[in-house]
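Colleague: Residue-level listing of the chains:
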Amino acid sequence: MLEAYPQNRLARILLWSFAALVMAFLMLPTLVVVPLSFSASNLLEFPPHAYSLRWYENFFGSATWMAALRTSLILGTLTALIAVPFALLACISMNRLGGKTAAAIQSVLLTPSITPGILLAIGLFFVLAAQHLIGTLLGVLVGHVVLAVPVACIVLLPALARFDWNQVQAARSLGANWARAIGGIIVPQLRISLLSATLMAFLTSLDESVISIFIASGRNSTMPKLMFLSLRDQIDPTIAAISTLWTVIVVAVVLIVTLRQKS
Amino acid sequence: MTVVRDPALAADARRERRFFLSLSLPALFIVGLAAILPILWIIRQSFLTTGGEYTVGNYQKVLSSGLTWSALVTTLELSLGTLAACILLGTPLALALASVRPRLANVLMAFVMLPLWTSILVRTYGWLVLLRRDGLINAALTGSGLTAEPLPLVYNFTGTLIGMVHYMLPLFLLPVYAAMRDIDPNLIRAAASMGATLRQVIRTVIMPLSAGGIFSGSIIVLIYAIGFFITPAVLGGGKVNPLSTRIERTLSTFQDWGSASVLGILLLVLMALIGVMLLAARRLVAQNTVEASHA
Chain A
39 MLEAYPQNRL ARILLWSFAA LVMAFLMLPT LVVVPLSFSA SNLLEFPPHA YSLRWYENFF
99 GSATWMAALR TSLILGTLTA LIAVPFALLA CISMNRLGGK TAAAIQSVLL TPSITPGILL
159 AIGLFFVLAA QHLIGTLLGV LVGHVVLAVP VACIVLLPAL ARFDWNQVQA ARSLGANWAR
219 AIGGIIVPQL RISLLSATLM AFLTSLDESV ISIFIASGRN STMPKLMFLS LRDQIDPTIA
279 AISTLWTVIV VAVVLIVTLR QKS
Chain B
8 MTVVRDPALA ADARRERRFF LSLSLPALFI VGLAAILPIL WIIRQSFLTT GGEYTVGNYQ
68 KVLSSGLTWS ALVTTLELSL GTLAACILLG TPLALALASV RPRLANVLMA FVMLPLWTSI
128 LVRTYGWLVL LRRDGLINAA LTGSGLTAEP LPLVYNFTGT LIGMVHYMLP LFLLPVYAAM
188 RDIDPNLIRA AASMGATLRQ VIRTVIMPLS AGGIFSGSII VLIYAIGFFI TPAVLGGGKV
248 NPLSTRIERT LSTFQDWGSA SVLGILLLVL MALIGVMLLA ARRLVAQNTV EASHA
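Heads up: the protein sequence lines correspond to chains A and B, in order.
Heads up, the first sequence is in the working numbering, so the first residue is 39 and it goes up one at a time.
Heads up, the second sequence is in the working numbering, so the first residue is 8 and it goes up one at a time.
In case anyone wonders, no lab produced these hints; they're calculated from the structure.
One should not assume that every hint holds.
[Unchecked claim] Derived contacts from chain A toward chain B, CB cut-off under 8 Å, selection only:
1) ALA42
2) TYR43
3) ALA57
4) MET61
5) PHE63
6) VAL70
7) THR149
8) ILE152
9) GLY161
10) PHE164
11) PRO262
12) ILE277
13) TRP284
14) VAL292
Quick reminder that beta carbons are idealized off the backbone N, C-alpha and C, glycines included.
So here's chain A without its partners, still in its complex pose:
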């Protein structure tokens, strides 16, 4: 963009040094935990004097952390399985209706993603308390689904916009009912977008912390809730090991999504 100004080398160097500093600021906290997680010491020393896998052993050997991991994985899977079909149907609906109706539906579906998490969390806490559902998996699940639906819609809406609806018309005129048309034509053709939407919905649940902190408890505590509690109490390198694993998993999922979308 600025190639019309080859003579302003100093300005360019300044701009890029500044940009490099800001990028370092963005990446530093994610990267700093990796070497720490392999430290052999109890202290948060950097760089570590000796290396070991003891914090990973600590994590995998802890019944509490393993239960939380299990809860988070189950919750993520259930969230994706519920949110993606809901989102697909809503996107078909918005695509076909168009205009103001579609815009109205979309703004309702997006409400949860712009509402501060703390408000959703305490509101849900009150509602669930009235039904005696605090601490249950169901309560957290409902909260996660409502956050995952807009995420899935963001992936599926553009995919449906590119979809050729004549195929559905043809199938319908040949006697296929709607369930058949959706299951037999739309789903197979959107499979890559549906896979992306599923992974994103899974990640949304895996990453959600505020609702979990307020509603999940005991056996149903999620990973983010346990991490939050241990960050508040003591910080030992076990968290560094968990953080490293967590980031590797998330980055892997994101890479799969982006690479599949490109191919």
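With chain A's structure known, arrange chain B on it following the hints.
Modeller: Chain B only, in chain A's frame:
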């Protein structure tokens, strides 16, 4: 729109519309159940005593407490501070990224987006490690002789602000970068050929054309920043208490559901105020652009 005269066809079209509308119902139902009902419940709870009777006492109690007003001030300080830092750090970075070839820019963007894909708790932990008294940054500062004593960088306002800026910066960057990418390079070439200096091009071509992106980015920052909970709760070390952590403490420690709800409503009002101000601002910006383009 075609005008359907045949009553049978019109009935058919209506039926089809109803069918498509019904496909949205499961998603709308879950939003109603898990987002709208909870917000309404907060409003209801704010008027109830612990015994379940109707009262306005919660409002009197919360609004007359100095803690509430200091929480409100902290919320605003953190949000505006985050916004200012995002504009100062993000705009030059977006300009740098928009000025390189798209392929290289995409690779750099992937690195910029890395924190977006890192759990907020992982990042908060990373900042604790970096900013502690015996942390990496203080070790570097004292080691190089820049400061004699370690600086208090975390468990205070500074640490909270750093964590929040780090969270919001990628989200601010996205619309700004998109707006700058959309600028027609011919405009800059034209300005350059007419003798505009780099400074003039940035001030009179690039900044006005990216104003929309900076504006969208600012909306995103403010809307998110007023509700931040995890970052102040951990990096604030109990000393930084915006509305969100005040809500948590009122609910968990004091079991005072009514007061927690009133604080929640304050947060809602703040959100609505920001929304109204931004809409008004957007109208102003749009008007000015129209006037400028007519001038």
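Colleague: At a threshold of 8 Å, is the proposed contact between A:GLY161 and chain B supported by beta-carbon distances?
Modeller: Check passed: Cβ of A:GLY161 comes within 2 Å of chain B, closer than 8 Å.
Colleague: Holds or violated: A:ALA57 as interface residue toward chain B, Cβ cutoff 8 Å?
Modeller: Hint holds; A:ALA57 Cβ to chain B Cβ min 4 Å, cut 8 Å.
Colleague: Would the hint on A:TRP284 be counted as holding, given a Cβ-Cβ threshold of 8 Å to chain B?
Modeller: Cβ of A:TRP284 sits 6 Å from chain B, so the hint holds.
Colleague: Quick check on the hint: A:PHE164 CB to chain B CB, less than 8 Å?
Modeller: 5 Å, holds
Colleague: Can the hint on A:TYR43 be confirmed by a CB-to-CB distance to chain B that is less than 8 Å?
Modeller: 5 Å, holds
Colleague: Hold the hint about A:MET61 up to the distance rule: shortest CB distance to chain B must be less than 8 Å.
Modeller: 6 Å, holds
Colleague: Closer than 8 Å between Cβ atoms is the bar; does A:ILE277 clear it against chain B? Give me holds or violated.
Modeller: 5 Å, holds
Colleague: If you take the shortest Cβ to Cβ gap from A:ILE152 to chain B, is it below 8 Å?
Modeller: 6 Å, holds
Colleague: Taking the least C-beta to C-beta distance, is A:ALA42 closer than 8 Å to chain B?
Modeller: 4 Å, holds
Colleague: Can we keep the A:VAL292 interface hint, with Cβ of chain B closer than 8 Å?
Modeller: 5 Å, holds
Colleague: Quick check on the hint: A:VAL70 CB to chain B CB, less than 8 Å?
Modeller: 5 Å, holds
Colleague: Does the closest beta carbon of chain B sit nearer than 8 Å to the beta carbon of A:PRO262?
Modeller: 6 Å, holds
In this structure, none of the earlier numbered hints is contradicted; all agree with it.
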